[in-house]
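Participant: So the sequence lines, in the order shown, correspond to chains D and Y. So for the first sequence, this note's numbering puts the first residue at 2; every next one is plus one. So for the second sequence, this note's numbering puts the first residue at 582; every next one is plus one.
One thing to keep in mind: the hints can contain errors.
As the list claims (entries may be wrong) - Across the chosen pairs, the derived CB separations fall in these ranges:
1) D:57 / Y:762: 16 to 22 Å
2) D:53 / Y:919: 32 to 38 Å
3) D:48 / Y:651: 45 to 51 Å
4) D:78 / Y:770: 55 to 61 Å
5) Y:632 / D:78: 29 to 35 Å
6) Y:801 / D:53: 37 to 43 Å
7) Y:607 / D:49: 49 to 55 Å
8) Y:776 / D:78: 50 to 56 Å
9) D:43 / Y:796: 29 to 35 Å
Stated by the list, open to error - Restricting the straight-line Cα-Cα distance to at most 27 Å, the calculated cross-link-like pairs of lysine-lysine (DSS-like) are:
10) Y:822 / D:45
11) D:4 / Y:603
12) D:71 / Y:807
13) Y:918 / D:71
14) D:71 / D:4
15) Y:584 / Y:736
16) Y:737 / Y:726
17) D:4 / Y:736
18) Y:840 / D:4
19) Y:810 / D:71
20) Y:603 / D:45
21) Y:646 / Y:583
22) D:4 / Y:726
23) D:4 / Y:584
24) D:4 / Y:810
25) Y:810 / Y:918
26) Y:586 / Y:658
27) Y:603 / Y:737
28) Y:807 / Y:584
29) Y:603 / Y:584
30) D:71 / Y:911
31) Y:646 / D:45
32) Y:586 / Y:822
33) Y:583 / Y:835
34) Y:822 / Y:807
35) Y:835 / Y:807
36) Y:840 / Y:810
37) Y:822 / Y:835
Simulated from the structure, these hints should not be mistaken for laboratory data. Keep in mind that this is a model prediction, so the values were computed, not measured. C-beta atoms are modelled at their ideal positions from N, C-alpha and C, and glycine is treated no differently.
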Amino acid sequence: MVKEIEREGIPVVHIATVVPISMTVGANRIVPAIAIPHPLGNPKLDDDEEKNVRREIVERALRALTTDVKEQTVFEELD
Amino acid sequence: MKKLKVVHYLNQFFGQIGGEDKADIAPRLEEGPVGPGNAINGGISDYGEITHTIICGDSYFNENKDDASTQIEDYLKELNPDLLVAGPAFNAGRYGMASGSVAEIAAGLDIPVISGIYPENPGYEMFCQYAYFVETSNSAAGMRKAIPAMIDLIKKYVEAEGDLGSPEEAGYMPRGIRKNVFAEERGAKRAVDMLIKKINGQDFETEYPMPSFDRVSPAAPLRNMKDAKIALVTSGGIVPKGNPDHIESSSASKFGRYKISDFEDLTARSHETAHGGYDPVFANEDADCVLPVDVLRDMEDEGRIGELFDYYYSTVGNGTSVANAVAYAKEIAQDLKDNDVQAVILTST
Chain D
2 MVKEIEREGI
12 PVVHIATVVP
22 ISMTVGANRI
32 VPAIAIPHPL
42 GNPKLDDDEE
52 KNVRREIVER
62 ALRALTTDVK
72 EQTVFEELD
Chain Y
582 MKKLKVVHYL
592 NQFFGQIGGE
602 DKADIAPRLE
612 EGPVGPGNAI
622 NGGISDYGEI
632 THTIICGDSY
642 FNENKDDAST
652 QIEDYLKELN
662 PDLLVAGPAF
672 NAGRYGMASG
682 SVAEIAAGLD
692 IPVISGIYPE
702 NPGYEMFCQY
712 AYFVETSNSA
722 AGMRKAIPAM
732 IDLIKKYVEA
742 EGDLGSPEEA
752 GYMPRGIRKN
762 VFAEERGAKR
772 AVDMLIKKIN
782 GQDFETEYPM
792 PSFDRVSPAA
802 PLRNMKDAKI
812 ALVTSGGIVP
822 KGNPDHIESS
832 SASKFGRYKI
842 SDFEDLTARS
852 HETAHGGYDP
862 VFANEDADCV
872 LPVDVLRDME
882 DEGRIGELFD
892 YYYSTVGNGT
902 SVANAVAYAK
912 EIAQDLKDND
922 VQAVILTST
């Protein structure tokens, strides 16, 4: 799905837990997620902390969408 | 003929430990065959015996790959089997990754591997060189065909003393490995013969099929996030509560387009997941953990992004064929273009 949308010229960032699958399906901008059943959350944290974690991942997704990439690129957490 | 010592790798479900609630169990070792291993063990009884079964939760393996791999490698070193059997994994994404990774570990220890998988499972493409995979159907409904095919390949493997021959002869899927063989005629003559057949419009069989790479070049990045219209798409099956379009929990036959302009935050009252194959508890409690509407609303308010598109698109990735996913995405892409959406965040579970 990532590939077919991007084929139309719309940049897509794929937030996915299993990065090798994302690579295989051909996503160009990949943001690693937290866990399969809750890619953008962590039920062990309280609500505010969890939202901060989610915000960080979405921020990374936006960074990916504004970054010029020439090949498949994984956007890891900033130090 | 020496009987083989065989070890079998299974996930938590086929390992009879439990469903998604047990998908996070660490690797464990059982003596003898378990679940589908019983049928395999019966079928190969003149050739070998499943002495042990390694079972690991699918989520655990994929989320803790290093730890799981180390543990499984330790088991294999200790057991030192003649053959590893993995799966079959059908079209289960996580199980295919786990089975394939275990095959890679075994291959590193010079232990041959026989497995079964659906050709579109990403685990096949990634790990085909490490195992002899028989082709299976896309779901466990194909178990009755998969098990005899795996038994058959194991028998052939023993009879041929490990030299199975070509994929076509032995009945496994291509491994992407080239082997030297003696041919009757030299290469130049074979090439010219092929060319003449081609010119005459006759059928010919290439000796080196070209790999099919279907890559899409990265689209240009957004210059101005502050004015951008962003859309959300998910394969994680997030739907309005009650799943109004009845999107299937597996092998989805459709996608949904749902309005989110009225929502600041997704809740257990408003949304849920239709996705089978992963533990739905978290997504049902708070669908924002799959579809981050709450955070994007904050960003909209802060002017970090221009706007979140009023609709999102959702389907269930579980077991859905590539052909269907391509068709859904083409429709979605057209709708995005018609609505001047500039970028997409696609989330997958």
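Participant: Take the hints in turn and mark each one as holding or not.
Facilitator: Each hint tested on the structure:
Taking 16 to 22 Å as the suggested C-beta distance range, the pair residue 57 (chain D) and residue 762 (chain Y) does not conform, at roughly 54 Å. Evaluation of the 32 to 38 Å hint for residue 53 (chain D) and residue 919 (chain Y) yields a pass: the beta carbon distance comes to about 35 Å. In this structure the hint that residue 48 (chain D) and residue 651 (chain Y) lie 45 to 51 Å apart at CB is violated, the actual value being about 35 Å. At roughly 58 Å, the beta carbons of residue 78 (chain D) and residue 770 (chain Y) sit within the given window of 55 to 61 Å.
Taken as a hint, the range 29 to 35 Å is violated for the pair residue 632 (chain Y) and residue 78 (chain D), whose Cβ atoms sit roughly 43 Å apart. As the Cβ distance of residue 801 (chain Y) to residue 53 (chain D) is approximately 31 Å, the hint placing it in 37 to 43 Å is violated. Between residue 607 (chain Y) and residue 49 (chain D) the CB atoms are about 30 Å apart, so this pair departs from the stated range of 49 to 55 Å. With their beta carbons about 54 Å apart, residue 776 (chain Y) and residue 78 (chain D) fall inside the hinted range of 50 to 56 Å.
At about 33 Å, the CB distance of residue 43 (chain D) to residue 796 (chain Y) agrees with the hint of 29 to 35 Å. At most 27 Å may separate the alpha-carbon atoms for a hinted pair to count; residue 822 (chain Y) and residue 45 (chain D) meet this at roughly 24 Å. Between the alpha carbons of residue 4 (chain D) and residue 603 (chain Y) the distance comes to roughly 33 Å, so the proposed pair goes past 27 Å and is violated. With a C-alpha separation of about 24 Å, the suggested pairing of residue 71 (chain D) with residue 807 (chain Y) holds against the 27 Å cut-off.
Straight-line distance between C-alpha atoms of residue 918 (chain Y) and residue 71 (chain D) comes to about 23 Å, which keeps the hinted pair within the 27 Å bound. For the hint pairing residue 71 (chain D) with residue 4 (chain D), the CA-to-CA distance comes to about 15 Å; that is within 27 Å, so the pair holds. A hinted pair counts as satisfied when its Cα atoms are at most 27 Å apart, and residue 584 (chain Y) with residue 736 (chain Y) qualifies at roughly 11 Å. The hinted pair formed by residue 737 (chain Y) and residue 726 (chain Y) meets the criterion: a straight-line CA distance of about 17 Å does not exceed 27 Å.
At most 27 Å may separate the alpha-carbon atoms for a hinted pair to count; residue 4 (chain D) and residue 736 (chain Y) exceed this at roughly 41 Å. For the suggested pair residue 840 (chain Y) and residue 4 (chain D), the alpha carbons sit about 24 Å apart, so the restraint of at most 27 Å is met. Taken as a hint, the residue 810 (chain Y) and residue 71 (chain D) pair is honoured in the structure, with Cα atoms around 23 Å apart against an allowance of 27 Å. A distance of roughly 17 Å separates the Cα atoms of residue 603 (chain Y) and residue 45 (chain D); the hinted pair therefore holds under the 27 Å criterion.
Proximity of residue 646 (chain Y) to residue 583 (chain Y) is assessed by CA-CA distance (about 34 Å); at most 27 Å being required, the pair is judged violated. Restraint check for residue 4 (chain D) and residue 726 (chain Y): not satisfied, since their Cα atoms lie roughly 33 Å apart, outside the 27 Å limit. At roughly 48 Å between alpha-carbon atoms, residue 4 (chain D) and residue 584 (chain Y) are farther apart than 27 Å, so this suggested pair is violated. At most 27 Å may separate the alpha-carbon atoms for a hinted pair to count; residue 4 (chain D) and residue 810 (chain Y) meet this at roughly 19 Å.
Distance hint between residue 810 (chain Y) and residue 918 (chain Y) is fulfilled; the C-alpha atoms sit about 11 Å from each other, no more than 27 Å. Between residue 586 (chain Y) and residue 658 (chain Y) the alpha-carbon distance is near 13 Å, which keeps this suggested pair within the 27 Å criterion. With a C-alpha separation of about 35 Å, the suggested pair residue 603 (chain Y) and residue 737 (chain Y) falls outside the 27 Å cut-off, and the hint is violated. In summary, the hint linking residue 807 (chain Y) to residue 584 (chain Y) is not supported, as the alpha carbons are separated by about 68 Å, beyond the 27 Å threshold.
Restraint check for residue 603 (chain Y) and residue 584 (chain Y): not satisfied, since their Cα atoms lie roughly 34 Å apart, outside the 27 Å limit. Between residue 71 (chain D) and residue 911 (chain Y), the direct Cα distance comes to roughly 23 Å. Compliance with the 27 Å bound is thereby established for this hinted pair. For the suggested pair residue 646 (chain Y) and residue 45 (chain D), the alpha carbons sit about 21 Å apart, so the restraint of at most 27 Å is met. Only pairs whose Cα atoms come within 27 Å are accepted, and residue 586 (chain Y) paired with residue 822 (chain Y) is rejected, the gap being roughly 51 Å.
About 52 Å separates the Cα atoms of residue 583 (chain Y) and residue 835 (chain Y), which puts this hinted pair outside 27 Å; it is violated. Among the hinted pairs, residue 822 (chain Y) with residue 807 (chain Y) is inconsistent with the structure: their alpha-carbon atoms are about 32 Å apart, more than 27 Å. Between residue 835 (chain Y) and residue 807 (chain Y), the direct Cα distance comes to roughly 33 Å. Violation of the 27 Å bound is thereby established for this hinted pair. Restraint check for residue 840 (chain Y) and residue 810 (chain Y): the C-alpha separation of about 15 Å stays at or below 27 Å, so the hint holds.
With a C-alpha separation of about 17 Å, the suggested pair residue 822 (chain Y) and residue 835 (chain Y) falls inside the 27 Å cut-off, and the hint holds.
Hint violations for this structure: numbers 1, 3, 5, 6, 7, 11, 17, 21, 22, 23, 27, 28, 29, 32, 33, 34 and 35, all remaining hints satisfied.
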